[in-house]
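There are 4 protein chains.
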Amino acid sequence: MKLSGGPTQDEVMAISLFKLGLKKGDIFVDVGCGTGKIAIEASRVAEHVYAIDHRAEAIACAEAAVESAGISNVIFFQGEAIEFLESSGPLDCAFVGGSVGLPDVLEALSRKVLGNIVINAVKIETLNEAVTTMRRLGIFKEALSVQVCRSYDIAGGTMFKPINPVYIIVGGKT
Amino acid sequence: MKLSGGPTQDEVMAISLFKLGLKKGDIFVDVGCGTGKIAIEASRVAEHVYAIDHRAEAIACAEAAVESAGISNVIFFQGEAIEFLESSGPLDCAFVGGSVGLPDVLEALSRKVLGNIVINAVKIETLNEAVTTMRRLGIFKEALSVQVCRSYDIAGGTMFKPINPVYIIVGGKT
Amino acid sequence: MKLSGGPTQDEVMAISLFKLGLKKGDIFVDVGCGTGKIAIEASRVAEHVYAIDHRAEAIACAEAAVESAGISNVIFFQGEAIEFLESSGPLDCAFVGGSVGLPDVLEALSRKVLGNIVINAVKIETLNEAVTTMRRLGIFKEALSVQVCRSYDIAGGTMFKPINPVYIIVGGKT
Amino acid sequence: MKLSGGPTQDEVMAISLFKLGLKKGDIFVDVGCGTGKIAIEASRVAEHVYAIDHRAEAIACAEAAVESAGISNVIFFQGEAIEFLESSGPLDCAFVGGSVGLPDVLEALSRKVLGNIVINAVKIETLNEAVTTMRRLGIFKEALSVQVCRSYDIAGGTMFKPINPVYIIVGGKT
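Going down the list, the protein sequences come from chains P, X, C and U.
For what it's worth, the numbering used here labels the leading residue of the first sequence as -13, then goes sequentially.
For what it's worth, the numbering used here labels the leading residue of the second sequence as -13, then goes sequentially.
For what it's worth, the numbering used here labels the leading residue of the third sequence as -13, then goes sequentially.
For what it's worth, the numbering used here labels the leading residue of the fourth sequence as -13, then goes sequentially.
Please note that the accuracy of each hint is not assured.
As the list claims (entries may be wrong) - Restricting the straight-line Cα-Cα distance to at most 25 Å, the calculated cross-link-like pairs of lysine to aspartate or glutamate (DMTMM-like) are:
1. X:Lys10 x X:Asp(-4)
2. U:Lys9 x P:Glu33
3. X:Lys98 x X:Glu69
4. U:Lys147 x P:Glu33
5. C:Lys147 x X:Glu72
6. U:Lys147 x C:Asp139
Since the hints were made in silico from the structure, they are not lab data.
Bear in mind the structure is a predicted one, so any value in this text is a computation, not a measurement.
Sequences are here, hints too, so could you generate the full structure?
Right under this line is the structure:
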């Protein structure tokens, strides 16, 4: 299945997870889990992962990926993140890959998340909204612009081709 | 016609021409002229432009572009740059877009060019060869890595997509 | 004198001027001229350059630079761009290096400028404001993110050091 | 203590470790361990970490960092990597942060390392040497160019400042 946005690129995921600072025993929520790539990687460290998406096809895709990886600590929730967060207990870290209603989601997350909140964004409007909202909520830590190029073989040599740049926005109690 | 490599991207051309420092009255040589894009832009400032390519299809393509732009100060030479440089008089600036036999071409250019020599490279081997050769010839000024992203509309927003990174290597009497 | 922001970097200036598409005979305005670097470069092509800055020290700095370059087609205006634009005639191109009151300045520029308007921005809030305002005015063409690295000698080798990334936003009648 | 090169930046380390693909039980070697930052991070997953540096001050610095982190599975070796590798048993992964005698080190590593070898380089000559040597040894997988910018507060807004670009070269049995 092809989900809009596609899976997070490895290099962007590696930085995002590092900025999350997940520790053993953590409760982690992945908002807009898409293919489940981040949820699966986080599940190797976290105690429980909540994977949320409002798209049935994303949940189906991520569930299949989780099952085929033999992972049992990912709990799925199809619906709006706001809804999930209203009834959830405290969370240790959160990753936000989707951007619909971001200010409200961030406000809800900031009430439940004890550690870091990491957002991936490709639109400059989302970057701006994330930084502005985090500043307003007093949880802004840093934003990164990540530009990775990967080598390709060409005519007996090596050239770099770029992947799309991604903004990683990090918030949390400072 | 589709030439390998394709025309230089506008932003890379703008920087390359700036680094050339072309002045009115200059004699300019474009080694590996391809579609003629650089030669045409340079012809607006230079007195004479020599456009060189060993590929008949490149010369044909560039000649057509020069003609349709109504430009009359570009002189074409189909063959090896080394051959051209053996019999040419002094030159003010040179641009090198192609990379075959680069060390020999740079050595020949360094004997004829009074001003700057600017190379565009996408392969890391070419970058390395250009810098190493220019250092050996005592004409290395600087190398640039240029990474440009252009905006695209996406889902009611704006995202950046990168063009391939290009190395611009600048040499000349220092 | 040290003006905040500092002069535009060569590579960013080269791309910005290319995107302006200045032609002989053009009337050009440089809003927030700072050290005058862009105004001076544009004056080599444009018929007249209006260099505007509300800071007396910027005008003094730019005037000195213009004089020492022996240039006579730059006209200075100390004050707000809005004020200048109210009484100016039609303009061919505009460059905006400063960002105070950008939406109002863009609105005023869009009424007077026949060709392209190019903005340089380093803040993501300015990027967002520029794109949003240009979209609202129906003059948005493209935004670029420009990341240039320059070579430095290190321990018998060559490494790249980046200059600060700059956003170049381009508008005009489309 | 200030070691030349300084510690690996977090974002570059995150990507490098991801590309290493360390698993529980792995034997890992850090060639040119410097401050010990990579060795410490890897020690959280690997069974044993060998941290090698020919500089006494690097070993002292890394040993202090390891001790203050309460880590007990890092074994230090002051001397040349070649020397260590001659007598070592098989290794699962290797990270190379230093670049002296890289071709020989890579050749020795390729005989002992079962999994991935990841190199960090800032010099273009090192990048070229790493890629060329890995290609010759038949172990080249990919090279990355990583350009990260971090946000800074400026005049009521947010701008990006770049950290130095780093090349990450990945090799291993393919």
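Hint consistency between U:Lys147 and P:Glu33 [alpha-carbon to alpha-carbon, up to 25 Å] = Violated - the C-alpha atoms of P:Glu33 and U:Lys147 are around 36 Å apart, more than 25 Å.
inquiry  = For a C-alpha distance cap of 25 Å, please report whether X:Lys10 and X:Asp(-4) respect it.
reply    = holds, 22 Å
key: Holds or violated: X:Lys98 to X:Glu69, with C-alpha atoms at most 25 Å apart   = Given pair X:Lys98, X:Glu69 holds - Cα atoms ~13 Å apart, limit 25 Å.
ask   = Does the alpha-carbon distance linking U:Lys9 and P:Glu33 stay inside the 25 Å limit?
value = holds, 18 Å
message = With the threshold set at 25 Å, check whether the alpha-carbon distance from C:Lys147 to X:Glu72 stays at or below it.
response = violated, 37 Å
task = Mind checking the alpha carbons of U:Lys147 and C:Asp139 for me, to see if they're no more than 25 Å apart?
result = With Cα atoms ~21 Å apart, U:Lys147 and C:Asp139 stay inside 25 Å; holds.
Violation of the numbered hints given earlier is confined to hints 4 and 5; the remaining hints are satisfied by the structure.
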